[in-house]
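Asks: Since chain P is already given, all that's left is putting chains B, V and S on it; use the hints.
Protein chains: 4
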Amino acid sequence: MAYSDDVLGRARVTETAELGAYYEQLAKLEAGALWTIANKIEPWYPQPQSVPVKWSYAELRPLVLEALRLVTGDDAGRRVVALYNPQRRDIAATVGLLYSGLQIMGPGESMTAHRHQAAALRFVIEGTGAWTIVDGQKLKVGPRDFAITPNWTWHEHGNEGIEGGPDPAGPVIWQDGLDIPLVNALDAPFYEVHPDVYQKQVGVTNSSLYTYGAGQLRPFGADTWHKSHSPLLAYPWEPTYEALRNAAKASDGSPYDGIIMEYSNPLTGGSVMPTMSAHMQLLRAGESTSAHRQVGSKIYTAAKGSGTSIVAGQRIDWTEGDIFCVPSWAWHEHANASTSDDACLFSFNDFPVMRALGFWREEAYPDNDGHQPVTPN
Amino acid sequence: MAYSDDVLGRARVTETAELGAYYEQLAKLEAGALWTIANKIEPWYPQPQSVPVKWSYAELRPLVLEALRLVTGDDAGRRVVALYNPQRRDIAATVGLLYSGLQIMGPGESMTAHRHQAAALRFVIEGTGAWTIVDGQKLKVGPRDFAITPNWTWHEHGNEGIEGGPDPAGPVIWQDGLDIPLVNALDAPFYEVHPDVYQKQVGVTNSSLYTYGAGQLRPFGADTWHKSHSPLLAYPWEPTYEALRNAAKASDGSPYDGIIMEYSNPLTGGSVMPTMSAHMQLLRAGESTSAHRQVGSKIYTAAKGSGTSIVAGQRIDWTEGDIFCVPSWAWHEHANASTSDDACLFSFNDFPVMRALGFWREEAYPDNDGHQPVTPN
Amino acid sequence: MAYSDDVLGRARVTETAELGAYYEQLAKLEAGALWTIANKIEPWYPQPQSVPVKWSYAELRPLVLEALRLVTGDDAGRRVVALYNPQRRDIAATVGLLYSGLQIMGPGESMTAHRHQAAALRFVIEGTGAWTIVDGQKLKVGPRDFAITPNWTWHEHGNEGIEGGPDPAGPVIWQDGLDIPLVNALDAPFYEVHPDVYQKQVGVTNSSLYTYGAGQLRPFGADTWHKSHSPLLAYPWEPTYEALRNAAKASDGSPYDGIIMEYSNPLTGGSVMPTMSAHMQLLRAGESTSAHRQVGSKIYTAAKGSGTSIVAGQRIDWTEGDIFCVPSWAWHEHANASTSDDACLFSFNDFPVMRALGFWREEAYPDNDGHQPVTPN
Amino acid sequence: MAYSDDVLGRARVTETAELGAYYEQLAKLEAGALWTIANKIEPWYPQPQSVPVKWSYAELRPLVLEALRLVTGDDAGRRVVALYNPQRRDIAATVGLLYSGLQIMGPGESMTAHRHQAAALRFVIEGTGAWTIVDGQKLKVGPRDFAITPNWTWHEHGNEGIEGGPDPAGPVIWQDGLDIPLVNALDAPFYEVHPDVYQKQVGVTNSSLYTYGAGQLRPFGADTWHKSHSPLLAYPWEPTYEALRNAAKASDGSPYDGIIMEYSNPLTGGSVMPTMSAHMQLLRAGESTSAHRQVGSKIYTAAKGSGTSIVAGQRIDWTEGDIFCVPSWAWHEHANASTSDDACLFSFNDFPVMRALGFWREEAYPDNDGHQPVTPN
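Chain order of the listed sequences is P, B, V and S.
Sequential numbering from 355 applies to the first sequence in this note's numbering.
Sequential numbering from 355 applies to the second sequence in this note's numbering.
Sequential numbering from 355 applies to the third sequence in this note's numbering.
Sequential numbering from 355 applies to the fourth sequence in this note's numbering.
Just chain P, with the same shape it has in the complex:
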């Protein structure tokens, strides 16, 4: 299909002085002629302002650590280095309508409690002392663990490590993922600080893991859960990795993603939250995938090993802790750099939004055995 706007069915009005005067009259009434912008606002296919970007953990980590010294957690609210897509700084977006950043908490620190309409998720990059309290439930999370803070849940978090003390110690750095730009685009943000500054813990630590962690068994009576998010608030790394390796025994996986699994709400099988979903995928030793594209934005984090992804023709080499993004409808494919070890990519996305609103599409790259041409640097 040729995408020319010079065809019957597209706007192609020849501008004249008379039309110019007409447009001025319309403008005075807060109106305008649709045909002057129709082709721009109804393009043939997605034209994201976001571009592929890689954030090197090796480069960012020193600056994240520097923040520990520069600002207190209480003054910053959260001590976070935000990741911005170059053309989307105005809306604080990392890609599309998603936001991500790297948060650091020093040993013994804790952040105050608040809640907001935006939903949040965490993926721990380093440090063993992290905890979070979500609506009263305390969770401990370690490297490569995934956790959620669903919208309007009270939450606070900290690092229980003691500097110079026994393990665990040292700072915690985790990746935040939020749908703040989406919430703002829809004029739906709300925010509250906790009236008591800090929550009181309810029940034992990790209670949702104990209760819902065996996803195929649920407490009898759990059909009384009517919230739109998963009752399971944390997804540890070990069973996730085991699930991927088990799945690899039974399936060749996806030609585009290797072995890929979605963190899901054990009571519905759906995504963990209504606006964002998260995946962990495993690329077997030596595996390289074919390209595909989807409607929706994705943010990847190299969780294990190293490799290369091609995103919209741009080569991105990654190793543990690196973060990169894939704009909507951009071709992307992945390769594990190792021929002996597997590699894992964590990612989160706004696919649940696309599905809920009827916007979901995906497509395989049709040519060249499924591989895009790579733009030379």
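Watch out, some of these pointers could steer you wrong.
Which copy? The list can't say, so a pair holds if one copy fits it or any two copies do.
[To be verified] Under the rule of at most 25 Å between Cα atoms (straight-line distance), these lysine to aspartate or glutamate pairs were calculated in the DMTMM-like manner:
(1) Lys603 to Glu592
(2) Lys494 to Asp606
(3) Lys382 to Asp671
(4) Lys603 to Glu641
(5) Lys554 to Asp695
(6) Lys494 to Glu596
(7) Lys603 to Asp499
(8) Lys394 to Asp444
(9) Lys581 to Glu514
It is worth saying that the hints were derived from the structure and are not from the lab.
Replies: Coordinates of chains B, V and S only, in the frame set by chain P:
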């Protein structure tokens, strides 16, 4: 609740030269310090850039008619005067992420067929000759009728009137409503022109009305409909008005909206499309309502009678054909100007998006017997 | 497929004296050898004990009227002539696990209020004075109207006609349909008499008709209805008949049923109640249909005109008021006796049960142009 | 509430000779007077014909083993000792509309493949060599494992042990649970033998366990599963037991059931099949529960340890392998006999039917601190 940002739980870092240098380093890595914008991107409550606007039909109609002479339908694609919110011209939005415009078709005209990811709806303002073909199904619509063009359905339309001929004749002016800004904000637009320029009609005219028009009876076997939109594509005025008057016999209605009904998918009871819903509401003679607000944007059209609405403290007087908008979370209330006749307001909104994503809220105005203070002009 | 039990895969144990002794030992422990009954309890296809039966209204009506004189409503609870399938009298079933009967109420009579786990539906055969109060809501119903009394709703009914007085007068005869045998088979019955003997009416008469009677428009906020049954409690004849005639303009209908529509819950598009659904179908002048069969039991009532149905090879001639049944998986087809007028059949069934439990199947009669051989009388 | 039938609102017609003659006339027309049976078919509360029964494994096991010698698997179809409720032998029911039995397979045996409308489940009592193939998928199951054979899936099974050979060897005895009486009550049975007598295995053994065994992670794209049953076909004992012990860390469990979990479909959170659900519950050392009752039938198997249950006032002592049933609406409570070890009860039920049809109720025993009086033997 006081909304001060100078509290524990909000960002309140004192800027320093050292921090300034730090921010520059971050900027080079496509990053930034979250605390510098945290309060702005996570406000206490919605801060829409859209404002209340009224578009007077008496003022706009001459300009809309003028378009008939100035551009052909084929050149314009669609001959539409778009309605823009002052600060949202860049995204062609009427309010929030919704778009609306007034489309005109001369007697005997027809527009070519296309489809797009954006969903569309129509509310006929004047003229009796309008028809539309949606995925092969031809529908005829008259004044105050409501019709839908769900996303990615092929559609074309026209005006069967013959100038100077017998009734129906004269131009058709209908209001378009689309979710184009939403689709674009989510990087999800697609567009195709019909390969044959025009569709072939399938079946009898108004077939979905004949088949699904009695909403509480459905064809046996209709459980095979799996599309996300209503199989009923048009909702005529007469049964709508009768439904409102019947409902008034059984209920006092809503304190905020009088007698208000939602056009619904008869196979699911849900909204007609996954991104937009539409309402028709009846204000009884002399009725004035209390104020409330909702998360979501609304565009109103005065369908019958005249009255006054207060939106975010701004007084808007309306009569038939006038259009006005209510931004998200703006207080609004309505009054019928007549003490002898009822008045009707048509409106459409993005509430289904808010519900699907977990953003829905509504709230009654708590003070002054439910009435906002009105800003003097 | 041949249905022989003398094949590998079916039980075919040769009985011996030793086995006989073994069976006796098992019997003492409340056990038995499955192979002795396996073929019987796992037949190749349904083997209903119910048979096709026709109940002639001309024959039954005098006896139903006689009941008026013989017993009072208060003594009888309800004054009903029950219709029994010959082999299912022990469970009071009309066909399968469905029950039906003809209830009569004299002018001025009213029955006391109760509720039960069984769901009920009504189809009015004759008389204009009938009313029912369901959970406080009063409904008036006339000939060919359909009404529901969902499970565990308080209900009472009566006939407001005054003997010798002005119209409406005369007795009301309506057909009851209940799932009593189903409820009992599942050991789930409950029953209560109303503590005040009679309910107090809430709101205006026919309020659910006023509120939900335009099925494709619903009161805004109706998404707060969470009951498993339709909020619309009565479905009058006139719009039903109009819906059938409209549908006939747009469709040839079903080859097995002519134009057939299902009474549905306007808030879900589903059946009116979770255990029973009801249909009204129209056979056009001269129309005769092909045979098909379904898993599920059906009870038909001739609502308009006259005709002939073939059920499991048995010819059933019907005229207004006649009732007949179709057992599960029995072939059936219908013909309108008139070449100038349409004919209508009301029916109700347990299809929602079959669908909910995964038992639903249907099949067209494959031979002889879709017509079964008819068993000579 | 007193349950007397001699009240206004219940049928209480005095029989007379005239009525007797009337009843005879009705009988000739396949009809009857409802008031003669109304109170019987609409009782105040469930009156199951099923009674509590215990089947002692110690008593039954020798007879089950005896079947190995008496009949071949091919002749028997399946070599099963069925468990019958005394008054429900006519419909081959163990309790309510559920069936259960003990199936034995000798080392090296395999049963031919078939499918039927009835759904089946298995709970392994003893033996380590069992396998089953369900729609091509081979599963190996050991003691205390739970597996499902959803309705209309092809299935066959066997015991891979070799008599006199290395471990695994010896017979397998597993408990079957089927909804045969339910399927038959609804006139919905179908049955087919596999055209090739045996299925071909597809994929690796235990593939659904590898793919769906981590219930809170699902293969991306699993939203394409649209069957009404769980894609996970086997639920091994070890993670089940671990889930119960984990849940006990976070919750005191149910006052009626101790720590109780439901085997669930990881893609929906619902029951494993639409007609039957299964539970495993853990009674902590020394735990005894309060009594409650539910609408629905249950069959229990002592999976670990020993204890006592009181069912409808009847004391049932159980130890591993014993089976007992709880009729609908019967009070029941459980006690672990050990003060040092936990005990586990497996059970399956027809609760999904009750929920789907709107019949579900449950109730706590109100008196005597929640404990029923026990009927002396």
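Asks: Does each hint fit the structure? Answer for all of them.
Replies: Evaluated hints:
1. In this homomeric assembly, Lys603 and Glu592 come within 25 Å of each other (Cα to Cα) both inside a single copy, at 17 Å, and across copies, at 20 Å.
2. In this assembly of identical chains, Lys494 and Asp606 lie within 25 Å of each other by CA distance solely across copies; the values are 22 Å between and 34 Å within a copy.
3. Only between protomers do Lys382 and Asp671 lie at most 25 Å apart by alpha-carbon distance; the minimum there is 19 Å, versus 52 Å within a single protomer.
4. For the homomeric pair Lys603 and Glu641, the shortest alpha-carbon distance inside one copy (15 Å) is at most 25 Å, but the shortest distance between copies (41 Å) is not.
5. Within a single copy, Lys554 and Asp695 get their C-alpha atoms no closer than 43 Å, and across copies no closer than 34 Å, so neither meets the 25 Å cut-off.
6. Taking CA atoms no more than 25 Å apart as the test, Lys494 paired with Glu596 passes in both settings, with 20 Å inside one copy and 20 Å between copies.
7. In the homo-oligomer, the alpha carbons of Lys603 and Asp499 lie at most 25 Å apart both inside one protomer (23 Å) and across protomers (21 Å), since each shortest distance falls under that limit.
8. Taking the shortest Cα distances, Lys394 and Asp444 sit within 25 Å of each other both inside one copy (21 Å) and across copies (11 Å).
9. Proximity of Lys581 and Glu514 under a CA criterion of 25 Å is satisfied in neither setting, with 30 Å inside one chain copy and 46 Å between copies.
Comparing the model with each earlier hint shows violations of hints 5, 9; every other hint is respected.
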